[in-house]
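Listed below, chain by chain, are the residues.
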Amino acid sequence: MNKPDTIYFFGTCLIDLIYPQAGISAVQLLQREDIKVIYPQAQTCCGQPAWNSGYRDEARAVARTQLALFPKPIPIVIPSGSCAGMMKLHYPELFAGQPDEAQALDVASRVYELTEFLVDVLHIELKDLGEPVKVAVHTSCSSRREMGVASKIESLLDQLGNVTKLEQIRKTECCGFGGTFAVKQPEISASMVLEKADTIRATGAERLIGQDAGCLLNIGGTMEKQGDAIPHQHIAEFLWERVKNPSPPSPLSLKGRGGARSSSEEAPLPLRERGWGEGESS
Amino acid sequence: MISEFRQHVIENLAKPNVRANFRKAMDGLMQRRLDQFPDPAELERIRTQAQAIRANALSKLPELLEQLEAKLTDNGIHVHWAETTEQANQIVLSIMQKHNAKTMIKGKSMVSEEMGLNHFLEAHGIDALESDLGEFILQLAHEPPSHIVAPAIHKSRQDVAKLFNDKFPDIPYTENIDELTQAARTILRDKFYSAEVGLSGVNFAVAETGTLCLVENEGNGRMSTTVPRVHIAVTGIEKVVEKLSDIPPLLSILTRSATGQPITTYFNMISSPRKPGEKDGPEEVHLVLLDNGRSNIYSDPELLATLRCIRCGACMNHCPVYTRIGGHSYGTVYPGPIGIILEPQKAGLDVHGELTQASTLCGACGEVCPVRIPIPTLINRLRYEGVRKDASTTPGTGSRRTTAEAAAWKSWSWSASHPAIYNFGTKAAARLRGVLPMQMSAWTNVRSAPQLADKTLHERMKEMGVADE
Ligand code: SF4
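From first to last, the protein sequence lines are chains A and B.
Sequence positions in the first sequence follow the numbering used here and run 784 to 1065.
Sequence positions in the second sequence follow the numbering used here and run 709 to 1177.
By construction, these hints were calculated from the structure, which means they are not laboratory data.
Do not rely on the hints blindly, as some may be mistaken.
Stated by the list, open to error - Dumping the calculated DSS-like pairs for lysine-lysine here, alpha-carbon to alpha-carbon at most 25 Å:
1. 779(B) to 819(A)
2. 810(B) to 899(B)
3. 779(B) to 1097(B)
4. 786(A) to 855(A)
5. 1027(A) to 983(B)
6. 819(A) to 983(B)
7. 967(A) to 723(B)
8. 875(B) to 723(B)
9. 1163(B) to 1027(A)
10. 1118(B) to 967(A)
11. 732(B) to 954(A)
12. 786(A) to 819(A)
13. 967(A) to 1097(B)
14. 1008(A) to 875(B)
15. 855(A) to 1170(B)
Because the structure is a prediction, the values reported are computed rather than measured.
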């Protein structure tokens, strides 16, 4: 499709509550490309947790509330492969035979995962203003296998001259999050995420970049508990940090929540948003 | 309370050696498969072909089964139908009894595992010996298979060496694989000649020609089906394909997906008992066609895809859960992703429904399945079957529904479909419990607790003046 003037932004519930900075950065990246962003304040959750637990009526009630939020024929951009996959691929299943099936199909047809949108629709060009940094990338299974957009995050990072990508072994293997799986089968999930954390740490990367808040919460939270955390960041936040003016923050300003987490000995300074760009008040 | 499944999982996760065996074996199998499909476009082309062959066969399953029976009968092969495993066992027993047979040599057959045939025959004074090396090892160790293609994959070379030394003290201790194999062969060779009946599985049954196809690497399948006077084949009703020309593409994708071999060492096509003037082959051949819940699966247009399976095992080789917990944790004949969808449909969601939770829905299984069974979609469907309130054809429908969980999802749903309440709730830490209505301790065991941001994205967007339309 051609570059649109206006898009809807669906922030996802995990970003809403835990990683708002990722959502803010995504919006800033889009705005910088001269796109008007609409953020429907009535948005809540895509409904996936209930859908994946088999509670289809409950999922549908929540999904139906979201369907009403996107009346204009413009793209819906979502900074998560998992939530994008829910809307794009599973709304059609969830609403099959329902009175609002046509609306669900229409919404589904306009859904883009953020990196997909940046690369395939905006053909975004990034200029890296950041210091050299080594990163490891974890692509969520939904981005990779459901949405088929795993190459997008890689190509975005490849545009950044000062960023070196390091590859963990078994990169494509699931981190063990799986939504409610992590709490329903905690032992299996733990065995998966502990290995994932180890393989990422073994790369020597200074930062972990992901495109789904669920995986980041899982892997990042595990590294933190282990006490040897590599800061983790959502791709939107990382990209914004690299391309915005003025120059990027020192590691100390990587904030505790909603952003990369520092594993340094020093206590993180309470400089929550210093240097994180315009449009933020605190 | 921790379920039986989770108990198995906890025990098996705590066995570093077994875990290492699985990890190493699965890594190897994944690589070998990958090496067989250097061209992704070509892989997709042959997956499409294989899927079409299996889907076509299922679309005319009743007719093809009739045609198969007629052709086999023409060819002189006796066909038996068994609705349940008990019936299948009885059929095998009565054939044995008719011949006054007390000994059986077995090629590898997952359907015979499904039937619990060895135990059943043993209880009737019949000695059934496994001749597949992996199955032979497991029979010695009194263990069930942990993988459908490589049943003893959880055992290391050292494990096998110790086992052999224990069971056959006359044979000198060795950890050399060739020597161990040779020892097993020597033991088995005699049994092949003395066994009265040979039993095997079937990989594909061709309706057009009445041909039973058997894929194997050790030659024991050929021995089991040709040396004894009577050969009994057991298989599920879904194994039928329409035409002989369906076989080459299926065989090729099966062996490449399963073990990363372009073709196996042996491929047997059995189309009749020994004919007059022929020097070898059994005098009598029987086929037992087992239903055991399959026709019920067949009645659901979506779940029917389960029956496309050609039992290659690629889904388990690529499953990050199977790789860690191993085949025995599942407590079923078929482990891994195929087991997750097949076993609850056969035995009921009330019996094996928890297995549907043993998946992150990462999609690795569906990505490699040679016949493109949408395994994650079917897992999701079975989770729904487990908690739905109305009736359906899947056994045990609704049996996984608990009042507490249903109430949690209801309250989550109510909150997340009332934005005013949701946004009010987002200000409170208690909100997170609304998003994930589960116990937090399961999360924080190995992870730090998620911390809520001071301000939600909703609030930040408002502050940034982002349009709300
Ligand atoms: S479900 Fe697919 S991948 Fe798994 S064993 Fe069957 S054919 Fe192979």
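Now the hints, each set against the structure:
1. 779(B) to 819(A): The hint is violated at about 69 Å.
2. 810(B) to 899(B): OK: residue 810(B) and residue 899(B) at ~12 Å, within 25 Å.
3. 779(B) to 1097(B): Judged against 25 Å, a Cα distance of about 45 Å means the pair is violated.
4. 786(A) to 855(A): holds (15 Å)
5. 1027(A) to 983(B): violated (82 Å)
6. 819(A) to 983(B): Not OK: residue 819(A) and residue 983(B) at ~80 Å, beyond 25 Å, violated.
7. 967(A) to 723(B): holds (21 Å)
8. 875(B) to 723(B): Distance ~24 Å between residue 875(B) and residue 723(B) Cα, so the pair holds.
9. 1163(B) to 1027(A): holds (23 Å)
10. 1118(B) to 967(A): holds (18 Å)
11. 732(B) to 954(A): holds (16 Å)
12. 786(A) to 819(A): holds (11 Å)
13. 967(A) to 1097(B): holds (21 Å)
14. 1008(A) to 875(B): With Cα atoms ~47 Å apart, residue 1008(A) and residue 875(B) exceed 25 Å; violated.
15. 855(A) to 1170(B): With a Cα-Cα distance of about 20 Å, the restraint between residue 855(A) and residue 1170(B) holds, given a limit of 25 Å.
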